[in-house]
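Participant: Sequences and hints are given; from them, build the entire structure.
Each chain, letter by letter, is given below.
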Amino acid sequence: QKEVEQDPGPLSVPEGAIVSLNCTYSNSAFQYFMWYRQYSRKGPELLMYTYSSGNKEDGRFTAQVDKSSKYISLFIRDSQPSDSATYLCAMIDFGNEKLTFGTGTRLTIIP
Amino acid sequence: DVKVTQSSRYLVKRTGEKVFLECVQDMDHENMFWYRQDPGLGLRLIYFSYDVKMKEKGDIPEGYSVSREKKERFSLILESASTNQTSMYLCASSPSGETLGDQPQHFGDGTRLSIL
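From first to last, the protein sequence lines are chains A and B. The opening position of the first sequence corresponds to residue 343 in my numbering, with each subsequent residue numbered one higher. The opening position of the second sequence corresponds to residue 141 in my numbering, with each subsequent residue numbered one higher.
Keep in mind that the hints were calculated from the coordinates and are not lab data. Some clues are possibly wrong.
Subject to a maximum C-alpha distance of 25 Å in a straight line, what follows is the list of computed DSS-like cross-link-like pairs (lysine-lysine) [unchecked claim]:
| # | chain 1 | residue 1 | chain 2 | residue 2 |
| --- | --- | --- | --- | --- |
| 1 | A | Lys-440 | B | Lys-193 |
| 2 | B | Lys-197 | A | Lys-344 |
| 3 | B | Lys-193 | B | Lys-143 |
Facilitator: This is the structure we're talking about:
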């Protein structure tokens, strides 16, 4: 079993819809949680970064962490075609100090 | 803005060749990382460095080595390239923090390496 599970998609939604992207994890030692966005033929770019349970909002993006359920989510409101990308969750276990990534979910926003 | 630059976007090499991938960052970050990204496997850490001349193995170091002679530059070396090393290679950097992993990493755009 992988430490971090992420549905690879692809996920297609119409423009303006709310998008929900999710990851589950098995290692209770994970402390910091991140979401990266990766456009085609580009490197991942950091989108959201949080270390506590609850919600963190940044513009149209909301990151949600539920440590008791070992579940994190990224919500995108009023989705735009420019949001079409692969979204990677990532998390850190301070024990081994390494970043563990999900495999990514490919998202397409249809105009 | 942090800039992480990888010297080549695409590279084609032959089996058995020694291959060098170069990465430069311009934000004076202490930590630098090399990952490979493969479909269905996500990003996997090959090596990282938290200081000049320091290096640590990641999850899949076999067949690779690294060099960090200057703070801004981190090189990945494939000692004798094999076809199973065909992949997208991503370099990243981050500032130092209380632990290695508590600062977000900034990535370059990757080098797509094909070994024939």
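Participant: A separate judgement is required for each hint: does it hold in the structure or not?
Facilitator: Verification of the hints:
no. : hint                     : verdict
1   : Lys-440/A with Lys-193/B : holds, 19 Å
2   : Lys-197/B with Lys-344/A : holds, 20 Å
3   : Lys-193/B with Lys-143/B : holds, 21 Å
Consistency note: the structure conflicts with none of the earlier hints.
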